[in-house]
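Student: Sequence:
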Amino acid sequence: MAKQVVVKIDYIIEKYEVGSLRKLAEKCDIRHAALSEMKTGKRKNINFGHIERIAETFGIDDITEIIDFVEVDEEKALAD
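Our numbering numbers the first residue of the sequence shown as 41 and each following residue consecutively.
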């Protein structure tokens with residue numbers, strides 16, 4: 041199995057009761073499209089400025105609340 045870094049957008053929206061991806065974008069001052077790409081895994085490069093903004097907005101001290109390292113099917117990982 042291959043490993044992949046994922047940004048836990050759905051977790052953040054639920055835990056901090058943000059309501060929607062659009063509201064998260066507004067709160068964190070990050071483009072909705074950028075967050076959407078992170079959420080779906082289409083964005084392969086992580087902008088650490090975005091991670092910092094999310095952490096600052098919600099007072100998060102532990103980066104594992106925002107990103108995770110997960111196993112993915114190798115065929116899917118190669119196709120991406």
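For the record, the hints were derived by calculation from the structure and aren't laboratory data.
Don't take each hint at face value.
[What the hints assert, rightly or not] EDC-like mimics (lysine to aspartate or glutamate), calculated; alpha carbons at most 20 Å apart, straight line:
| id | residue 1 | residue 2 |
| --- | --- | --- |
| 1 | K82 | D101 |
| 2 | K67 | E96 |
| 3 | K48 | D101 |
| 4 | K43 | D69 |
| 5 | K82 | D102 |
| 6 | K84 | E54 |
| 7 | K84 | D101 |
| 8 | K55 | D101 |
| 9 | K67 | D113 |
[Claimed, not checked] Pairwise CB distance ranges (calculated):
| id | residue 1 | residue 2 | range |
| --- | --- | --- | --- |
| 10 | I107 | A73 | 14 to 22 Å |
| 11 | G99 | M41 | 12 to 20 Å |
| 12 | M41 | F98 | 17 to 25 Å |
| 13 | M41 | D69 | 13 to 21 Å |
| 14 | D69 | D113 | 17 to 25 Å |
| 15 | A73 | V45 | 27 to 35 Å |
| 16 | V110 | F88 | 14 to 22 Å |
| 17 | K67 | M41 | 21 to 29 Å |
| 18 | G59 | E96 | 16 to 24 Å |
| 19 | K82 | S60 | 16 to 24 Å |
| 20 | T80 | M41 | 16 to 24 Å |
Where is the CB? At the ideal position from N, CA and C, for every residue including glycine.
Student: A separate judgement is required for each hint: does it hold in the structure or not?
Tutor: Hint by hint, here is what the structure shows:
1. K82 to D101: Violated, at roughly 26 Å.
2. K67 to E96: Distance ~11 Å between K67 and E96 Cα, so the pair holds.
3. K48 to D101: holds (15 Å)
4. K43 to D69: violated (29 Å)
5. K82 to D102: violated (24 Å)
6. K84 to E54: Roughly 23 Å separates the two Cα atoms, so the pair is violated.
7. K84 to D101: violated (24 Å)
8. K55 to D101: holds (15 Å)
9. K67 to D113: Distance of about 34 Å is beyond 20 Å: violated.
10. I107 to A73: 14 to 22 Å: holds (19 Å)
11. G99 to M41: 12 to 20 Å: Violated, at about 34 Å.
12. M41 to F98: 17 to 25 Å: 31 Å Cβ-Cβ, so the 17 to 25 Å window is violated.
13. M41 to D69: 13 to 21 Å: Since the Cβ atoms of M41 and D69 sit about 36 Å apart, the hinted range of 13 to 21 Å is violated.
14. D69 to D113: 17 to 25 Å: Because 35 Å falls outside the window, the suggested range is violated.
15. A73 to V45: 27 to 35 Å: violated (19 Å)
16. V110 to F88: 14 to 22 Å: Between V110 and F88, where Cβ atoms are some 19 Å apart, the hint holds.
17. K67 to M41: 21 to 29 Å: violated (34 Å)
18. G59 to E96: 16 to 24 Å: The hint (16 to 24 Å, Cβ to Cβ) holds, given that G59 and E96 are roughly 19 Å apart.
19. K82 to S60: 16 to 24 Å: holds (19 Å)
20. T80 to M41: 16 to 24 Å: holds (20 Å)
Of the numbered hints stated above, those contradicted by the structure are hints 1, 4, 5, 6, 7, 9, 11, 12, 13, 14, 15 and 17, listed in ascending order.
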